[in-house]
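> Here is what each chain is made of, one letter per residue.
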Amino acid sequence: MNRINQKLQEDKKLLSIYFTAGYPKLDDTASIIQHLEKSGVDLIEIGLPFSDPLADGPTIQASSTQALKNGITTEKLFEQLKDIRQTVSIPLIIMGYFNPMLQYGVEAFCKKCQENGIDGLIIPDLPVDVYHEKYKAIFEKYGLINVLLITPQTSDERIDFIDAISNGFIYMVSSASVTGSQSGFGTVQTDYFKRIADMNLTNPQIVGFGISNNETFTQATKHTKGAIIGSAFIKHLTANGIDTIDKFVKNILA
Amino acid sequence: MNYKADQKGYYGVFGGAYIPEMLYPNVEELRQNYLKIMAEPSFQKEFQELLKDYVGRPSPLYFAKRLSEKYTTKIYLKREDLNHTGAHKINNTIGQILMAKRLGKSRIIAETGAGQHGVATATVCALMGLECIVYMGEIDIARQAPNVARMKMLGATVVPALSGSRTLKDATNEAIRDWINNPVDTYYIIGSVVGPHPYPDMVARFQAIISEEIKWQLKEKEGRENPDVIIACVGGGSNAAGAYYHYLNNDEVQLIAVEAAGLGIDSGESAATSVLGKEGIIHGSKTLLMQTEDGQITEPYSISAGLDYPGVGPLHAHLHATKRAEFVSVTDAEAMKAGLELCELEGIIPAIESAHALAVFEKQTFKPNEVIVLNLSGRGDKDLNTYIDYFKL
Ligand SMILES: Cc1ncc(COP(=O)(O)O)c(C=O)c1O
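Chains as they are written, first to last, in this note's numbering: chain A, 138 to 391; chain B, 298 to 690.
Only chain A is shown next, with the shape it has when bound in the complex (with noise of 0.2 Å):
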């Protein structure tokens, strides 16, 4: 079984977070892996830079610009992930615009993945009916789970959609925004959450955009399987540098 899905099935709240490969320094991408994995996250997603990050806010948009100047490139993270598996067993998961994957081959991309012990994709510039007609039968020769977003505008329909061509967990973006753009939930976006959780969906959800510490992790899990963590986490590594990451989630746990 897929380690998303293994991990899926695990009775208690989870907890993702997001880091752009080659930031802040470029050959960091493997320790935070192994840190992230001690300190007692449940899921990592990897971002594969971009030069035009059209979905993410400042934060995250600089530290891709950093880590491009830092020279990332896609061969350069695979090599970077070639000896993951040896010391980790968290499910990992690539979050990339599609150009890149593009000019390197769908498939090609798919099958590195696979080698280099990625679970899944997160492509938020893939919009889903492409996905569906051209690309979904190569992500799953590859055992990869593609994470499809859903947002406060998402018709029902098009929820259901999403639901039935998901095969690990929907990613819920909280409300209509890049990454990094709000600090806490109001009630409109609880009302969200709960709206969705009524729908009982056959994919979990894990929430992201707006969450950065323990108060909106807890409320963003209230309804939902888990969170997601991007842009506070590279604000803590911009200030810390790699060696504190087990305090950063301490305190988004405690």
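If you are wondering where the hints come from, they were derived from the structure by calculation, not from laboratory data. All of these numbers come straight from a predicted model, not from anything done at the bench. Treat the hints with care, as some may be off.
Unchecked claim - Anything over 10 Å on all C-beta distances counts as not near chain A; from chain B, calculated:
1. Tyr300
2. Leu347
3. Lys362
4. Gly401
5. Leu451
6. Val455
7. Arg474
8. Glu517
9. Asn666
10. Asp678
Unchecked claim - Under 8 Å between C-beta atoms, here's a sample of chain B residues computed to sit facing chain A:
11. Pro317
12. Met319
13. Pro457
14. Ser460
15. Arg463
16. Ile477
17. Asn478
18. Leu560
19. Gln588
20. Asp591
21. Gly592
22. Ile594
From the three backbone atoms N, C-alpha and C, an ideal C-beta is built for every residue, glycine too.
Let chain A serve as the given structure and place chain B with the ligand on it in line with the hints.
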């Protein structure tokens, strides 16, 4: 051959809507409604009246006698430079502001490179009393200062794009982010035939007025609707799309698309996408774009802010792939020389974008009896600082 977008917005293999789920409801709302709304008689009436009384259409088709003599052929200039706000961009913003109103949107966002589209958007927002936010690269803000001032006078908020190359591509990213953050009340007026479906098709349809007029104007002047050649510059490709539109399926009419070569194709400082680009995805569309081997979008360069874009619209990628249009690249120096020449021969100061199209006459020869229509997409007022610096005026 079919050169119109299909149901899903593909021109051959190019086009589509490669957008994050966050944008789906907005883009889908537009996709489902744009053709219906454009076909409404009340929409058409309002659109046509504004084009006539507010924009000043039809724009003249002017026989450029001295230019024709110099190049021993027959050159007509389609005078989009005479439109209100000084370029073809207003044809599209009039259309889209009416679209936004019919969709019940109250807040308008736009990206701009040269500032022409920003000014054209700020103008129609003032006209309709709608809030207007324009994203513009920090570099472009500096090199197109008069247009920044115009947008401010027209009541728009100009927000600098500080990321990446700080030009048109980055302004477009920021506008898309704004749209993601404001999915309900906001309408995004894209300034060219780029972006996710239905934008390329919708913008081409609004700009199609250019070739619609060329047909009857040329009939009056030459007794025939078809020129032998149409020449237009291509940034994203909207003025070219408008000038070609009604001739796309007419193979007798040769189409020439002029891209900015910047300091030269091989200089590393260029924006000639058809030569330097490969198939990829930019701003929600599969098209030709300039990128690294790794799929990172590269930073283009041209002296002309309006052509300084690393992609072209999917229609143009298709015209290139099918060889329906011939793509020519023109350097900064060639364009500036051609711009000055038009001033001296015809008393018309062209936009530097349009000057790229004019430079074709030095690079290709046409027969004396051939009828050439060159789309003069804009006037050069906004470029005076660049002309002054370049020619030490
Ligand atoms: C006068 C003029 N011509 C041409 C362009 C290029 O755009 P497009 O290729 O969409 O016509 C611009 C863009 O700003 C412009 O201002």
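> Could you tell me which of the numbered hints above are not met by this structure, giving the numbers in increasing order?
7, 13, 15 and 18
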